[in-house]
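Undergrad: Each chain, letter by letter, is given below.
There are 2 protein chains.
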Amino acid sequence: MSLRHAILAMLDIEKGSGYDLVKRFDQSVSYFWAASYQQIYRELQKLESEALLEAEEVIQQGKPDKKIYEVTPNGIVELQKWLEKPAKAMKIKEPLLIKIYAGELADSKHLIEEISQHRSAHAERLQQYQEMSEVLINLEQPLRSKYFLPHQTLKLGIKIEKAWLEWADETLQAIN
Amino acid sequence: MSLRHAILAMLDIEKGSGYDLVKRFDQSVSYFWAASYQQIYRELQKLESEALLEAEEVIQQGKPDKKIYEVTPNGIVELQKWLEKPAKAMKIKEPLLIKIYAGELADSKHLIEEISQHRSAHAERLQQYQEMSEVLINLEQPLRSKYFLPHQTLKLGIKIEKAWLEWADETLQAIN
DNA sequence: AGCTTATATTCAATTTTTTGAATACGCAAC
DNA sequence: GTTGCGTATTCAAAAAATTGAATATAAGCT
Numbered sequence: 001m002s003l004r005h006a007i008l009a010m011l012d013i014e015k016g017s018g019y020d021l022v023k024r025f026d027q028s029v030s031y032f033w034a035a036s037y038q039q040i041y042r043e044l045q046k047l048e049s050e051a052l053l054e055a056e057e058v059i060q061q062g063k064p065d066k067k068i069y070e071v072t073p074n075g076i077v078e079l080q081k082w083l084e085k086p087a088k089a090m091k092i093k094e095p096l097l098i099k100i101y102a103g104e105l106a107d108s109k110h111l112i113e114e115i116s117q118h119r120s121a122h123a124e125r126l127q128q129y130q131e132m133s134e135v136l137i138n139l140e141q142p143l144r145s146k147y148f149l150p151h152q153t154l155k156l157g158i159k160i161e162k163a164w165l166e167w168a169d170e171t172l173q174a175i176n
Numbered sequence: 001m002s003l004r005h006a007i008l009a010m011l012d013i014e015k016g017s018g019y020d021l022v023k024r025f026d027q028s029v030s031y032f033w034a035a036s037y038q039q040i041y042r043e044l045q046k047l048e049s050e051a052l053l054e055a056e057e058v059i060q061q062g063k064p065d066k067k068i069y070e071v072t073p074n075g076i077v078e079l080q081k082w083l084e085k086p087a088k089a090m091k092i093k094e095p096l097l098i099k100i101y102a103g104e105l106a107d108s109k110h111l112i113e114e115i116s117q118h119r120s121a122h123a124e125r126l127q128q129y130q131e132m133s134e135v136l137i138n139l140e141q142p143l144r145s146k147y148f149l150p151h152q153t154l155k156l157g158i159k160i161e162k163a164w165l166e167w168a169d170e171t172l173q174a175i176n
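Chains as they are written, first to last, in the working numbering: chain V, 1 to 176; chain C, 1 to 176.
Quick caveat, the hints were computed from the structure, so don't treat them as lab data.
Errors might be hidden in some of the hints.
No copy labels: a pair is met if it fits in one copy or bridges any two.
Claimed, not checked - The calculated lysine-lysine pairs, modelled on DSBU-like cross-linking and capped at a C-alpha distance of 30 Å, are:
#  : residue 1 : residue 2
1  : K81       : K67
2  : K146      : K91
3  : K46       : K81
4  : K88       : K46
5  : K109      : K81
6  : K66       : K109
7  : K66       : K91
8  : K146      : K109
9  : K63       : K81
10 : K66       : K162
11 : K23       : K85
12 : K81       : K91
13 : K109      : K15
14 : K109      : K85
15 : K23       : K88
16 : K109      : K155
17 : K66       : K93
18 : K88       : K155
19 : K66       : K146
20 : K109      : K63
21 : K15       : K66
22 : K88       : K109
23 : K67       : K162
24 : K93       : K81
25 : K67       : K93
26 : K81       : K146
27 : K46       : K146
28 : K162      : K146
29 : K46       : K63
Can you make the complete structure from the sequences, with help from the hints?
TA: Here it is, written out as structure tokens:
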């Protein structure tokens, strides 16, 4: 149950709406945490009801109104308490790899197509991460310091995406 | 819901008991699928009740009896049907990365310790995968062909573990 | 004799996730 | 004028995962 801690960590770095968070999960931490918008909105409500987050309603013109969430001191305490406990093991589910594992039973054209599509998705994501990394490198102090650790995590994302691309290329060559 | 397909794929390559499967999930596909023993045993029962698997009870001396599961023709059909549908997106949860992301709020010694521990775990896993890879490379035909695609997936595991190790070393250097 | 480890499996309550439906505003394209 | 997209959020049923307890055999250790 550390979705709540992921949310607290991200809002601690920078407050935002549920909608913002959904995008941030998708665009910048997708190599280490997957969360759907329903999950995020539900957890935001729960965190607010527990006073770990505080919401400010922002009335907008031309766009629907939104709620900007910010971590409360209690929220920081909760996050810190969690940080002290040993981290649980990673959990992953990658259906594509099951497909390849069982690929003998599949149509090889279909397999090649899917690997190619995934290759593209990883390439796109790699570029996204690299662009984000550039932005973080060029930040002025004290922002650069603030983003030092998130940036460090991003570097793992970049390495993993590169590993994927390499592997996808080798695999496409090997099965052709 | 592709735990069932992961199980079918793995039992199609080689039949085995629930206990065997738990070990195989843990030792050879943990970089792309996480499953607990409870999940695996429950799904095996379900798959058997749907006649996608067939169980043979094996009476053992010196050890508890066991059930060896084998994929039925219906199971193969089910797996093939699933293989035709586009693979769903990967889902991942890596609590350690949340910790690092929020690391400013944590005790840095504790952080270093945890990263070191994870480094060790990844190093161990890398070795495991590399040993397994050696075994697969040295198989005689037709086994080598049979394991070609599982071996290909293992190569991704090796790349990812290497990326982790590299990253852990760089991160430990950077935060020290 | 009692403790731990490895083998081998089952059940059930609780929590979390997934899937799907719903609502609503404004802009741009066809 | 309606279809689709981007912004923004909520609710709820159903499916799946997690947590924790239980059971049983035999080998090895202290």
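Undergrad: Is it within, between, both, or neither for K67 and K162, if the alpha carbons may be no more than 30 Å apart?
TA: Result: close neither inside a copy nor across copies, 37 Å intra and 42 Å inter.
Undergrad: Indicate which option fits the pair K15, K66 if close means a Cα-Cα distance not exceeding 30 Å: within, between, both or neither.
TA: Within. Shortest intra-copy distance 13 Å satisfies the 30 Å Cα cut-off; inter-copy 54 Å does not.
Undergrad: With identical chains, the pair K63 and K81 could be close in the same copy or across copies; at 30 Å between alpha carbons, which is it: within, between, both, or neither?
TA: Neither, since 38 Å and 44 Å both go past 30 Å.
Undergrad: At most 30 Å between CA atoms: does that hold for K46 and K146 within a copy, between copies, both, or neither?
TA: The answer is within: 27 Å in one copy meets 30 Å, while 50 Å across copies does not.
Undergrad: How would you label the pair K23, K88 (within, between, both, or neither) given a Cα cut-off of 30 Å?
TA: Answer is both; intra-copy 25 Å and inter-copy 19 Å each pass.
Undergrad: If the cut is 30 Å between Cα atoms, do K88 and K46 qualify within a copy, between copies, both or neither?
TA: both (22 Å within a copy, 28 Å between copies)
Undergrad: Could you place K146 and K91 in one of the four classes (within, between, both, neither) given a Cα distance threshold of 30 Å?
TA: both (28 Å within a copy, 28 Å between copies)
Undergrad: If the cutoff is 30 Å on CA atoms, where do K109 and K63 land: within, between, both or neither? Let me know, please.
TA: Answer is neither; intra-copy 45 Å and inter-copy 46 Å both fail.
Undergrad: For K81 and K146, with the copy left unspecified, which applies at a CA distance of at most 30 Å: within, between, both, or neither?
TA: within (20 Å within a copy, 49 Å between copies)
Undergrad: Checking an output row: K109 and K155, CA cutoff 30 Å. Within, between, both or neither?
TA: between (34 Å within a copy, 21 Å between copies)
Undergrad: Could you figure out if K46 and K81 sit no more than 30 Å apart (CA to CA) within one copy, between two copies, both or neither?
TA: Classified as within: same-chain Cα gap 18 Å, cross-chain 40 Å, threshold 30 Å.
Undergrad: Between copies, within a copy, both or neither: which fits K109 and K15 at Cα up to 30 Å?
TA: Only across copies: K109 and K15 sit 27 Å apart there, 46 Å inside one copy, limit 30 Å.
Consistency with the previously given hints fails for numbers 6, 9, 10, 20 and 23, ordered from lowest to highest.
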